[in-house]
Amino acid sequence: MKSDIEIAQSANMKPIVEIAEKIGLKDDDIELYGKYKCKISLDVLKRENDKKDGKLVLVTAINPTPAGEGKSTVTVGLGQALCKLNKNSVIALREPSLGPVFGIKGGAAGGGYSQVVPMEDINLHFTGDMHAITAANNLLAAAIDNHIHQGNALRIDSRRIIFKRVMDMNDRALRHIVVGMGGKPNGFLREDGFMITVASEIMAILCLANDLMDLKERMGNILIGYNLDGEPVYCRELGVQGAMGLLMKDAVKPNLVQTLENTPAIIHGGPFANIAHGCNSILATKMALKLGDYAITEAGFGADLGAEKFLDIKCRYGELKPDCVVIVATIRALKHHGGASKDELSNPDVEKLSKGIGNLEKQIENIKKYGVPVVVAINKFVTDSQEEVEYIESFCNDLGVDVALAEVWEKGGEGGIPLAEKVLNVLENKESRFKCLYEKELPIKDKMNIIAREIYGANGVSYTKAAEKQIKDIEKLGLAKLPICVAKTQYSLSDNPQLLGKPKDFDMSVREVRVSSGAGFIVVLTGNVMTMPGLPKVPAANRMDILEDGTIEGLF
30 MKSDIEIAQS
40 ANMKPIVEIA
50 EKIGLKDDDI
60 ELYGKYKCKI
70 SLDVLKREND
80 KKDGKLVLVT
90 AINPTPAGEG
100 KSTVTVGLGQ
110 ALCKLNKNSV
120 IALREPSLGP
130 VFGIKGGAAG
140 GGYSQVVPME
150 DINLHFTGDM
160 HAITAANNLL
170 AAAIDNHIHQ
180 GNALRIDSRR
190 IIFKRVMDMN
200 DRALRHIVVG
210 MGGKPNGFLR
220 EDGFMITVAS
230 EIMAILCLAN
240 DLMDLKERMG
250 NILIGYNLDG
260 EPVYCRELGV
270 QGAMGLLMKD
280 AVKPNLVQTL
290 ENTPAIIHGG
300 PFANIAHGCN
310 SILATKMALK
320 LGDYAITEAG
330 FGADLGAEKF
340 LDIKCRYGEL
350 KPDCVVIVAT
360 IRALKHHGGA
370 SKDELSNPDV
380 EKLSKGIGNL
390 EKQIENIKKY
400 GVPVVVAINK
410 FVTDSQEEVE
420 YIESFCNDLG
430 VDVALAEVWE
440 KGGEGGIPLA
450 EKVLNVLENK
460 ESRFKCLYEK
470 ELPIKDKMNI
480 IAREIYGANG
490 VSYTKAAEKQ
500 IKDIEKLGLA
510 KLPICVAKTQ
520 YSLSDNPQLL
530 GKPKDFDMSV
540 REVRVSSGAG
550 FIVVLTGNVM
560 TMPGLPKVPA
570 ANRMDILEDG
580 TIEGLF
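Numbered by the working numbering, the letters in the sequence shown go through residues 30 to 585 in order.
Since the hints were derived computationally from the structure, they do not count as laboratory data. None of these values were measured; they are calculated from a predicted model. Mixed in with the good hints there might be a few duds.
Stated by the list, open to error - What follows is a list of derived Cβ distance ranges for each label pair:
no., residue 1, residue 2, range
1, Asn-117, Ser-375, 37 to 45 angstroms
2, Asn-454, Lys-31, 27 to 35 angstroms
3, Asn-117, Asp-258, 52 to 60 angstroms
4, Gly-268, Pro-214, 21 to 29 angstroms
5, Lys-31, Arg-345, 36 to 44 angstroms
6, Lys-31, Asn-117, 25 to 33 angstroms
7, Thr-580, Lys-494, 54 to 62 angstroms
8, Gly-268, Asp-475, 35 to 43 angstroms
9, Gln-179, Ser-32, 50 to 58 angstroms
10, Lys-464, Glu-47, 35 to 43 angstroms
11, Gly-268, Glu-450, 51 to 59 angstroms
12, Lys-31, Asp-475, 46 to 54 angstroms
13, Glu-394, Pro-44, 41 to 49 angstroms
Unchecked claim - Here are the simulated lysine-lysine pairs, BS3-like style, with alpha carbons at most 27 angstroms apart:
no., residue 1, residue 2
14, Lys-440, Lys-116
15, Lys-113, Lys-81
16, Lys-510, Lys-464
17, Lys-533, Lys-384
18, Lys-113, Lys-64
19, Lys-113, Lys-68
20, Lys-464, Lys-350
21, Lys-398, Lys-451
22, Lys-278, Lys-68
23, Lys-533, Lys-398
24, Lys-68, Lys-116
25, Lys-81, Lys-116
26, Lys-31, Lys-566
27, Lys-350, Lys-451
28, Lys-80, Lys-459
29, Lys-31, Lys-409
30, Lys-464, Lys-80
31, Lys-43, Lys-440
32, Lys-505, Lys-494
33, Lys-469, Lys-510
34, Lys-51, Lys-113
35, Lys-81, Lys-464
36, Lys-64, Lys-116
37, Lys-384, Lys-409
38, Lys-113, Lys-55
39, Lys-409, Lys-113
40, Lys-474, Lys-397
Idealized CB from N, CA, C, for every residue including glycine.
Full structure from sequences and hints, please.
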């Protein structure tokens, strides 16, 4: 079979103006970025405000292997399948980060015959949103150091600056750095560090903002550090939120592209789910709900991360109500959770599958706590045996959960029809009684305990002395009544990536607690999760090349 990029390069794409017309967009509603991608004006939401929303379907997954389990692929395939059933579906996805593209995990544009295109553009610079976020973030970082250098009227304590620089690349050497070296002309010497762009608060703000003015106000509310009296200092006190807004004026508009089968796909925002909140923008999802009868969206990594944050953070701020949740499971990942080594994942092994299926059971249990109907999608690989497929189907049937085989990687929309039919049946016959897991007014530790016990299955939570102090600082700021965004490994329900399956008798360890006052949530860092990833021994970049005629090779 062809590689993903070979499939994408042979796609029969339609001009994006035709895709826009298909969902009721006019010439004045879109801004073209070449022939096959465009931005959508925010005026569309104002115009369609009174129109009834479509049905909202969230696609999530079990805890993945390092290669990922095809959640975006199933999202795209489900959207294509609904179109094959003559349903008006619109897909809403996150934008890929260059870090994983050149690292190990790959992009977020789907795979096989369930991809969004133009794949090269989407996975690389796209419409420049990532660069705008990076520039806005680093403008604020530069303004902080410049303010101190120019006399420090705000009396910023350089030892307590919490706002970091970012870049959209995996670069471990930048996690902890020293800036201001070289003497007086270069500013004051201090410790600093970089995060990856998709972990930045600017990215989170983009994905939770209602419009450009809301985005600008939220950026002004970013806590950048403390002054010498221990009082908070906010971005608005430096007076640069307006300039940051200038840099974000186009990035705030969602992007429209298409799938291989010409299904409309809105792609906007891309926060990681293990170190950020893992969902595309509220604006993109709301547009999909207004422009389609079915909005199919996804949230990063397993349901314990992306789905929890989608339901407790994004739905809370966006006033969204999901009608159905699809949990993607792969046989290879469940065998991995059952103790199979990497070399054994392609071998049929119902025993290992039975030992690892507790991970799927827990993720189903988690979603049911939110009152939303569940469908399990078995993302099929060519090495999966019929006996293994039947085992999962029987397991789900015993739980009273709908389950369907998804062969969308190999067959595109056609391979997603059984899943689409199951989802439609749930949407027509089961009512969503969605509710958030916790009240945001609860104390910080109470909220964290609820997530740890209910979603991860932990006995409790322990805190470092530094985290305890940080919680007290947040309480003094009057910002404790915000939702929780947990930074945690994606490979386990716990904060230890080695505890696979459905772990028991463990505690969560919180090492740091910080507030994203502009985004509107409290970040709780657990275990050893990093906010700036590193490259693997052999990065994906080593396999990539560009030919004289501009053809790209090796991009998946």
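Here's how the hints hold up against the structure:
1. Between Asn-117 and Ser-375, the C-beta spacing of about 39 angstroms keeps the proposed range 37 to 45 angstroms intact.
2. A beta carbon spacing of about 34 angstroms between Asn-454 and Lys-31 agrees with the range 27 to 35 angstroms that was offered as a hint.
3. For Asn-117 and Asp-258, the Cβ-Cβ distance of about 58 angstroms falls inside the hinted range of 52 to 60 angstroms, so the restraint holds.
4. Gly-268 and Pro-214 have their C-beta atoms about 24 angstroms apart, which keeps the hinted 21 to 29 angstroms range intact.
5. For the pair Lys-31 and Arg-345, the beta carbons lie near 42 angstroms from each other, so the given range of 36 to 44 angstroms is met.
6. At roughly 30 angstroms, the beta-carbon separation of Lys-31 and Asn-117 lies within the given 25 to 33 angstroms, and the hint holds.
7. Separation of Thr-580 from Lys-494 is about 56 angstroms and conforms to the stated range, judged on CB atoms against 54 to 62 angstroms.
8. Distance hint check: the CB atoms of Gly-268 and Asp-475 are about 37 angstroms apart, consistent with the given range 35 to 43 angstroms.
9. At roughly 53 angstroms, the beta carbons of Gln-179 and Ser-32 sit within the given window of 50 to 58 angstroms.
10. Restraint check, Lys-464 to Glu-47: a C-beta distance of roughly 41 angstroms satisfies the suggested window 35 to 43 angstroms.
11. A C-beta distance of roughly 56 angstroms is found between Gly-268 and Glu-450, which places it inside the suggested range of 51 to 59 angstroms.
12. With their beta carbons about 52 angstroms apart, Lys-31 and Asp-475 fall inside the hinted range of 46 to 54 angstroms.
13. Checking the proposed 41 to 49 angstroms range against Glu-394 and Pro-44 shows it holds: the Cβ atoms sit about 46 angstroms from each other.
14. A distance of roughly 19 angstroms separates the Cα atoms of Lys-440 and Lys-116; the hinted pair therefore holds under the 27 angstroms criterion.
15. Pair hint Lys-113 plus Lys-81 holds up; C-alpha atoms about 23 angstroms apart against a cutoff of 27 angstroms.
16. Straight-line distance between C-alpha atoms of Lys-510 and Lys-464 comes to about 18 angstroms, which keeps the hinted pair within the 27 angstroms bound.
17. For the hint linking Lys-533 to Lys-384, the alpha-carbon distance of about 14 angstroms falls within 27 angstroms, and the restraint holds.
18. Proximity of Lys-113 to Lys-64 is assessed by CA-CA distance (about 25 angstroms); at most 27 angstroms being required, the pair is judged to hold.
19. At roughly 26 angstroms between alpha-carbon atoms, Lys-113 and Lys-68 fall within 27 angstroms of each other, so this suggested pair holds.
20. The hinted pair formed by Lys-464 and Lys-350 meets the criterion: a straight-line CA distance of about 8 angstroms does not exceed 27 angstroms.
21. Note on Lys-398 and Lys-451: the hinted pairing holds, with a Cα-Cα distance of about 21 angstroms set against a maximum of 27 angstroms.
22. The straight-line distance between the Cα atoms of Lys-278 and Lys-68 is roughly 12 angstroms, inside the 27 angstroms bound, and the hint therefore holds.
23. Restraint check for Lys-533 and Lys-398: satisfied, since their Cα atoms lie roughly 19 angstroms apart, inside the 27 angstroms limit.
24. Between Lys-68 and Lys-116, the direct Cα distance comes to roughly 24 angstroms. Compliance with the 27 angstroms bound is thereby established for this hinted pair.
25. Distance hint between Lys-81 and Lys-116 is fulfilled; the C-alpha atoms sit about 16 angstroms from each other, no more than 27 angstroms.
26. For the hint pairing Lys-31 with Lys-566, the CA-to-CA distance comes to about 26 angstroms; that is within 27 angstroms, so the pair holds.
27. For the hint pairing Lys-350 with Lys-451, the CA-to-CA distance comes to about 19 angstroms; that is within 27 angstroms, so the pair holds.
28. Taking the CA atoms of Lys-80 and Lys-459, the gap is about 23 angstroms. The hint holds against a cut of 27 angstroms.
29. Of the pairs offered as hints, the one joining Lys-31 and Lys-409 holds, with about 17 angstroms between alpha carbons and a cut-off of 27 angstroms not exceeded.
30. Distance hint between Lys-464 and Lys-80 is fulfilled; the C-alpha atoms sit about 24 angstroms from each other, no more than 27 angstroms.
31. This hinted pair checks out: Lys-43 and Lys-440 have alpha carbons roughly 20 angstroms apart, not beyond 27 angstroms.
32. Distance restraint check for Lys-505 and Lys-494: the Cα-Cα separation of roughly 17 angstroms lies within the 27 angstroms cut-off, and the hinted pair is therefore satisfied.
33. A threshold of 27 angstroms between alpha carbons decides the hint, and for Lys-469 with Lys-510 the separation of about 5 angstroms falls inside it, so the pair holds.
34. Restraint check: the Cα-Cα separation between Lys-51 and Lys-113 comes to about 15 angstroms, which is no more than 27 angstroms; the hinted pair holds.
35. This hinted pair checks out: Lys-81 and Lys-464 have alpha carbons roughly 21 angstroms apart, not beyond 27 angstroms.
36. Under the criterion of a C-alpha separation no larger than 27 angstroms, the hint pairing Lys-64 with Lys-116 is consistent with the structure, at around 26 angstroms.
37. As the CA atoms of Lys-384 and Lys-409 are separated by approximately 19 angstroms, the hinted pair is consistent with the 27 angstroms bound.
38. For a cut-off of 27 angstroms, the pair hint linking Lys-113 to Lys-55 stands: about 24 angstroms separates their Cα positions.
39. For the suggested pair Lys-409 and Lys-113, the alpha carbons sit about 20 angstroms apart, so the restraint of at most 27 angstroms is met.
40. The suggested pairing of Lys-474 with Lys-397 holds, with an alpha-carbon distance near 23 angstroms, which does not exceed 27 angstroms.
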